[in-house]
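Guided by the hints, dock chains G and V onto chain R, whose structure is given.
Listed below are the residues making up each chain.
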Amino acid sequence: MLKVAVITVSDRASRGEYPDRSGPRVREVLERELPGVDVVVEVVADEPRSLRAALRRHLGRDYILTTGGTGLAPRDITPETCARWCDREAPGISEWLRRESQRETPHAVFSRAYSGMKGRTLVVNLPGSLRGAELCARLLAGVMPHGRDMAHGGDHEPQKKQ
Amino acid sequence: MLKVAVITVSDRASRGEYPDRSGPRVREVLERELPGVDVVVEVVADEPRSLRAALRRHLGRDYILTTGGTGLAPRDITPETCARWCDREAPGISEWLRRESQRETPHAVFSRAYSGMKGRTLVVNLPGSLRGAELCARLLAGVMPHGRDMAHGGDHEPQKKQ
Amino acid sequence: MLKVAVITVSDRASRGEYPDRSGPRVREVLERELPGVDVVVEVVADEPRSLRAALRRHLGRDYILTTGGTGLAPRDITPETCARWCDREAPGISEWLRRESQRETPHAVFSRAYSGMKGRTLVVNLPGSLRGAELCARLLAGVMPHGRDMAHGGDHEPQKKQ
Chain R
1 MLKVAVITVS DRASRGEYPD RSGPRVREVL ERELPGVDVV VEVVADEPRS
51 LRAALRRHLG RDYILTTGGT GLAPRDITPE TCARWCDREA PGISEWLRRE
101 SQRETPHAVF SRAYSGMKGR TLVVNLPGSL RGAELCARLL AGVMPHGRDM
151 AHGGDHEPQK KQ
Chain G
163 MLKVAVITVS DRASRGEYPD RSGPRVREVL ERELPGVDVV VEVVADEPRS
213 LRAALRRHLG RDYILTTGGT GLAPRDITPE TCARWCDREA PGISEWLRRE
263 SQRETPHAVF SRAYSGMKGR TLVVNLPGSL RGAELCARLL AGVMPHGRDM
313 AHGGDHEPQK KQ
Chain V
325 MLKVAVITVS DRASRGEYPD RSGPRVREVL ERELPGVDVV VEVVADEPRS
375 LRAALRRHLG RDYILTTGGT GLAPRDITPE TCARWCDREA PGISEWLRRE
425 SQRETPHAVF SRAYSGMKGR TLVVNLPGSL RGAELCARLL AGVMPHGRDM
475 AHGGDHEPQK KQ
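Residue numbers (the working numbering), protein chains in the order written: chain R, 1 to 162; chain G, 163 to 324; chain V, 325 to 486.
By construction, these hints were calculated from the structure, which means they are not laboratory data.
Every value quoted in this text rests on a predicted model; they were computed, and no experiment measured them.
You may find that some hints are simply not true.
Said to hold, decoys possible - Sample of chain V residues with no beta-carbon within 10 Å of chain R, all distances over it, derived:
#: 1; residue: P359
#: 2; residue: V364
#: 3; residue: V365
#: 4; residue: S374
As the list claims (entries may be wrong) - Below, a list of computed lysine to any residue pairs in the SDA-like style, where the Cα atoms sit at most 20 Å apart:
#: 5; chain 1: R; residue 1: K118; chain 2: V; residue 2: P398
#: 6; chain 1: V; residue 1: K442; chain 2: V; residue 2: G384
#: 7; chain 1: V; residue 1: K442; chain 2: G; residue 2: A235
For every residue, glycine included, the Cβ atom is placed at its ideal position computed from N, Cα and C.
One chain only, chain R, in its complex shape (with noise of 0.2 Å):
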């Protein structure tokens, strides 16, 4: 069964002043597309620190999965904040879902989102609004059980596979 952290990253959401309803929708997604999955959805404001406590808590889970916080403001900081955090960096992921984002929204090239690992956890950056994270959501979620394998080490005699 596949264990899944939801990060929303945002001052406001985290101060109250609206719902959060980018993390609870990425949740949706996953448990319809992939059922039996155990998601939890945490909200965080647009600080390094808060985000790095965050990704600590749920270190060990299958994904940490993040929404907001990836454009150009001066307070989007949760590429760098993951990208220090990791261990590994993974660019196909974020290069492919922002390809696929590009379909729905030209503005989607200005997403600094980053993917990586830290130890067998694979962390995705989402994007914040929230057709972005459904969409991006719903495209993971197809990947998330292989990838979860590999970082087991269950893909690892390539060479088998002919």
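Here is chains G and V on its own, set in the frame of chain R:
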């Protein structure tokens, strides 16, 4: 009104061995696509020191676009110089421009172009070839106003956009 | 005449638990697509030290292609080892190969493959699977001569190509 600097990075153009054509062409494209845009053009040698000095001169503009110096030759130093100077990376822009450039020439895969930010100024490396620079300038023009708004925090309420 | 080294990165193949098939297959593809090419093939374990030693042995060749070690398993260390060894990144090559690989398998998004340069030698990580390595070698063969010329400065008068 969008403020843009275009820096042509070319040893030969900087020595006057031939006139810089890519920089003025990028300016033409921007002026056509973004009426009212303020564009300054400058030529520097393929030297990190010269390029850094030019970047510093234009810090505060909405965009600094470079043309040239993104290939595989030993003197192609534009991406590294810009990456070290910037605070934050914005990889989606270069991924997109490379992908679109590949429709014109398969050799675009060798572009090492970088895109990122220093403060609120967006830095984007364009190809050095006249056609490549023109194509990328035209594509970029379509999203430049939105990028500037994002950099100024105008888009920092992502969950409202549903 | 293009000079290429192919390094298979695989614990099991290096211990002789099974024969290396991806390296020889990449050589076959290159010899078919690039008549006259000079290809040497070598197998090393998934160990940064072994891979670095192999990279050093082949420095000066036009290309060093690796196969294997780009996934998510803890022992997949090819991208990091190559990135640290190289002087300059050339991300467009890996972006392209990942995108094309995805047409064959959606799991290609998990490829962490890196491409870059050490001096004038181009280093490109290919997938470890036989089919993936073969596809990428075939694609790459089409642009390898041009990349070599660029690395030697032959393309460094970009504005002439209009």
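Taking each numbered hint in turn, which are not upheld by the structure, reported in ascending numerical order? none
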